[in-house]
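Number of protein chains: 2
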Amino acid sequence: MNTNMTYLVTGAAGFIGSALAKRLLIEGNKVITIDNLSTGFETAIPEGVEFFKGDCQDYSIVKQLEKYSFDAIFHIAGQSSGEISFDDPVYDLQTNAQSTLLLLKLALKTNCKKFIYASTMSVYGDQPDHKVNEEAMLKPKSFYGVGKVASEHYLRIYQQYGIQSTAMRLFNVYGPGQNLKNLRQGMVSIFLAMALNDKTICVKGDKNRFRDFVYIDDIVDAFINSLELNTPVFKIYNVCSGIKTTIETLINSILSNIQKNINVEYSGSTPGDQFGIYGDNTLIKKDLNWSPKISFMEGISNMVNWASNLK
Amino acid sequence: MNTNMTYLVTGAAGFIGSALAKRLLIEGNKVITIDNLSTGFETAIPEGVEFFKGDCQDYSIVKQLEKYSFDAIFHIAGQSSGEISFDDPVYDLQTNAQSTLLLLKLALKTNCKKFIYASTMSVYGDQPDHKVNEEAMLKPKSFYGVGKVASEHYLRIYQQYGIQSTAMRLFNVYGPGQNLKNLRQGMVSIFLAMALNDKTICVKGDKNRFRDFVYIDDIVDAFINSLELNTPVFKIYNVCSGIKTTIETLINSILSNIQKNINVEYSGSTPGDQFGIYGDNTLIKKDLNWSPKISFMEGISNMVNWASNLK
Numbered sequence: 287m288n289t290n291m292t293y294l295v296t297g298a299a300g301f302i303g304s305a306l307a308k309r310l311l312i313e314g315n316k317v318i319t320i321d322n323l324s325t326g327f328e329t330a331i332p333e334g335v336e337f338f339k340g341d342c343q344d345y346s347i348v349k350q351l352e353k354y355s356f357d358a359i360f361h362i363a364g365q366s367s368g369e370i371s372f373d374d375p376v377y378d379l380q381t382n383a384q385s386t387l388l389l390l391k392l393a394l395k396t397n398c399k400k401f402i403y404a405s406t407m408s409v410y411g412d413q414p415d416h417k418v419n420e421e422a423m424l425k426p427k428s429f430y431g432v433g434k435v436a437s438e439h440y441l442r443i444y445q446q447y448g449i450q451s452t453a454m455r456l457f458n459v460y461g462p463g464q465n466l467k468n469l470r471q472g473m474v475s476i477f478l479a480m481a482l483n484d485k486t487i488c489v490k491g492d493k494n495r496f497r498d499f500v501y502i503d504d505i506v507d508a509f510i511n512s513l514e515l516n517t518p519v520f521k522i523y524n525v526c527s528g529i530k531t532t533i534e535t536l537i538n539s540i541l542s543n544i545q546k547n548i549n550v551e552y553s554g555s556t557p558g559d560q561f562g563i564y565g566d567n568t569l570i571k572k573d574l575n576w577s578p579k580i581s582f583m584e585g586i587s588n589m590v591n592w593a594s595n596l597k
Numbered sequence: 287m288n289t290n291m292t293y294l295v296t297g298a299a300g301f302i303g304s305a306l307a308k309r310l311l312i313e314g315n316k317v318i319t320i321d322n323l324s325t326g327f328e329t330a331i332p333e334g335v336e337f338f339k340g341d342c343q344d345y346s347i348v349k350q351l352e353k354y355s356f357d358a359i360f361h362i363a364g365q366s367s368g369e370i371s372f373d374d375p376v377y378d379l380q381t382n383a384q385s386t387l388l389l390l391k392l393a394l395k396t397n398c399k400k401f402i403y404a405s406t407m408s409v410y411g412d413q414p415d416h417k418v419n420e421e422a423m424l425k426p427k428s429f430y431g432v433g434k435v436a437s438e439h440y441l442r443i444y445q446q447y448g449i450q451s452t453a454m455r456l457f458n459v460y461g462p463g464q465n466l467k468n469l470r471q472g473m474v475s476i477f478l479a480m481a482l483n484d485k486t487i488c489v490k491g492d493k494n495r496f497r498d499f500v501y502i503d504d505i506v507d508a509f510i511n512s513l514e515l516n517t518p519v520f521k522i523y524n525v526c527s528g529i530k531t532t533i534e535t536l537i538n539s540i541l542s543n544i545q546k547n548i549n550v551e552y553s554g555s556t557p558g559d560q561f562g563i564y565g566d567n568t569l570i571k572k573d574l575n576w577s578p579k580i581s582f583m584e585g586i587s588n589m590v591n592w593a594s595n596l597k
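Sequence order for the protein chains is A and B.
For this note's numbering, add 286 to where a residue sits in the first sequence, where the first one is 1.
For this note's numbering, add 286 to where a residue sits in the second sequence, where the first one is 1.
By construction, these hints were calculated from the structure, which means they are not laboratory data.
Please note that the accuracy of each hint is not assured.
No copy is singled out in the list; a pair is fine if it fits within one copy or between any two copies.
Claimed, not checked - Straight-line alpha carbon distances no greater than 30 angstroms define the calculated DSS-like cross-link-like pairs of lysine-lysine that follow:
#1 Lys349 with Lys316
#2 Lys399 with Lys530
#3 Lys425 with Lys400
#4 Lys425 with Lys391
#5 Lys316 with Lys571
#6 Lys572 with Lys425
#7 Lys571 with Lys425
#8 Lys571 with Lys417
#9 Lys579 with Lys349
#10 Lys571 with Lys349
#11 Lys395 with Lys417
#12 Lys485 with Lys571
#13 Lys395 with Lys490
Could you build all of it, start to finish, from the sequences and the hints given here?
Here it is, written out as structure tokens:
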């Protein structure tokens with residue numbers, strides 16, 4: 287990859303933004319971030335990152351970045367839980383869609399030609415039980431998913447101004463660095479935190495639901511590879527393993543890595559929860575030469591080790 | 287239709303909201319409106335309508351309506367030009383999407399079970415040259431279209447709370463009452479105003495572009511019929527004639543009704559303009575027993591007569 291570049295990574299106090307910022311710094315680039323610290327932690331912002339505290343949907347914050355000349359903008363910030371989006375849908379729209387408008391305008395004003403966006407598999411909603419590809423009809427089930435759909439449309443509209451955008455539809459991201467204190471965001475981190483803290487995993491929903499899990503390092507790789515994309519048009523990629531993993535399998539994998547007796551209880555459901563989804567990664571493999579390197583078993587083992595050592 | 291009902295019609299100072307409110311009043315119902323008068327006129331609000339001045343995306347305004355018990359909410363208000371949405375995309379998101387969230391919340395709070403929404407053919411963007419139906423992939427080309435897409439998703443999500451919503455995807459609406467002072471909104475009214483005032487019609491874009499025109503009275507009929515829909519699920523309908531009319535045909539129709547020499551000049555283009563679109567109205571014919579009653583020739587003649595007598 288290129289070095290000595292200047293990148294904006296919004297949300298560098300969060301799980302994904304922090305990992306991406308760290309990688310970009312290590313490769314010898316300058317990184318600037320905006321983060322409101324609403325769910326992220328200032329301590330997670332890698333040393334060396336220039337930090338602007340505030341909302342990406344706040345023009346007075348975004349305006350301060352007009353002095354930079356960014357080689358690319360990675361827009362990662364935003365409320366990231368479907369469930370939590372039901373608490374305050376208006377806030378969710380602002381954090382997940384209005385923010386994108388302001389940052390695209392910033393890109394235009396500062397002559398930044400590349401915009402990479404953390405979208406989500408939540409844009410799909412419930413789909414037939416086969417690998418979903420990027421052409422599927424979008425039926426988001428949460429307000430969170432709706433804001434991400436709107437942002438994707440904004441990226442497409444902005445391509446007429448010469449800004450090449452890429453929407454990375456992230457499937458279930460997990461790994462070291464995920465917030466174990468937030469029991470409403472991140473399926474793996476929620477179950478793992480319950481297992482370590484309470485010795486009981488309470489699952490809201492069916493054990494036969496399924497997901498497609500992707501390890502944080504692979505996610506960072508995908509973002510980095512997207513910088514090499516040489517096209518003027520808006521692109522959308524599923525960032526996923528292509529492997530269907532049930533909730534039951536996930537829980538068994540966590541349990542097999544923990545040397546304790548853990549109860550598992552199933553009850554209720556979660557607002558905006560998709561029953562099952564896994565993705566087709568043909569397109570990202572072909573265009574970005576990306577495929578996940580960390581298997582689910584290895585990733586869960588790494589994450590349990592990391593979490594156990596935190597205690 | 288039912289009488290003695292209480293309806294909220296947002297945007298009753300505007301072209302469509304005003305016509306709908308008038309019809310509902312004539313049928314013996316109570317009508318309340320919110321309008322910010324940003325493009326509508328207070329004089330267009332039919333006498334007898336209770337008027338709250340302000341934005342539908344402003345919670346302090348919407349909250350004042352919690353004292354009512356609405357039989358249905360018709361959400362018609364909102365910036366309605368694709369072109370104008372490029373001036374201030376953030377405002378457009380608020381007026382066209384955030385407003386819907388607040389009104390859906392109002393519906394939930396006041397136990398209103400029916401929500402009818404003025405969506406648009408702009409959600410489709412460019413489509414292959416055949417009648418577009420409601421299942422088409424959405425690729426809006428304007429920020430206006432994106433806000434409408436988001437709102438449709440919100441309506442679908444809210445069906446789980448027992449609110450039956452209907453999105454009416456209005457194609458090119460025209461007719462008496464349309465604002466002849468706004469030269470950036472409403473294809474028919476723009477060309478007609480130019481013809482009457484300037485003796486030159488300046489067309490931004492190709493004469494072979496095409497649209498599907500629907501007369502205002504037919505639009506009102508469609509909204510009224512939607513009240514009879516008996517289903518718990520979210521519905522989407524194209525409100526269109528199914529007839530493809532080119533810009534050239536539209537202009538010739540206007541000219542043939544005006545006894546003056548008018549120049550026509552073609553140049554440039556309009557941001558977010560769709561090249562051509564016309565709709566399939568099979569679904570609304572079947573479910574709502576609706577079809578347009580006013581032919582294009584009759585409608586244009588009515589409108590030219592109306593506009594000529596204004597002068």
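The hints, checked one at a time:
In this assembly of identical chains, the alpha carbons of Lys349 and Lys316 lie at most 30 angstroms apart only when taken from the same copy (19 angstroms versus 47 angstroms across copies). Neither within a single protomer nor between protomers do Lys399 and Lys530 lie at most 30 angstroms apart by alpha-carbon distance, with minima of 36 angstroms and 38 angstroms respectively. In this homomeric assembly, Lys425 and Lys400 come within 30 angstroms of each other (Cα to Cα) both inside a single copy, at 27 angstroms, and across copies, at 21 angstroms. In this assembly of identical chains, Lys425 and Lys391 lie within 30 angstroms of each other by CA distance both inside one copy and across copies; the values are 27 angstroms within and 20 angstroms between.
For a Cα distance limit of 30 angstroms, the shortest separation of Lys316 from Lys571 inside one copy, 28 angstroms, qualifies, whereas the shortest one across copies, 59 angstroms, does not. In this homomeric assembly, Lys572 and Lys425 come within 30 angstroms of each other (Cα to Cα) both inside a single copy, at 26 angstroms, and across copies, at 24 angstroms. Within a single copy, Lys571 and Lys425 get their C-alpha atoms as close as 25 angstroms, and across copies as close as 25 angstroms, so both meet the 30 angstroms cut-off. Taking the closest pair of Cα atoms, Lys571 and Lys417 come within 30 angstroms of each other only inside a single copy of the chain (15 angstroms); across copies the shortest separation is 36 angstroms, beyond that limit.
Taking the shortest alpha-carbon separations for Lys579 and Lys349, neither the intra-copy value of 38 angstroms nor the inter-copy value of 52 angstroms comes in at or below 30 angstroms. Taking the closest pair of Cα atoms, Lys571 and Lys349 never come within 30 angstroms of each other, the shortest separation being 36 angstroms inside a single copy and 50 angstroms across copies. Taking identical chains as interchangeable, the C-alpha atoms of Lys395 and Lys417 are never at most 30 angstroms apart, the minima being 39 angstroms within one chain and 39 angstroms between chains. For a Cα distance limit of 30 angstroms, the shortest separation of Lys485 from Lys571 qualifies neither inside one copy, at 39 angstroms, nor across copies, at 58 angstroms.
When the C-alpha separation of Lys395 and Lys490 is checked against a cutoff of 30 angstroms, the pair qualifies only between copies, where the shortest distance is 26 angstroms, while the shortest distance within a copy is 45 angstroms.
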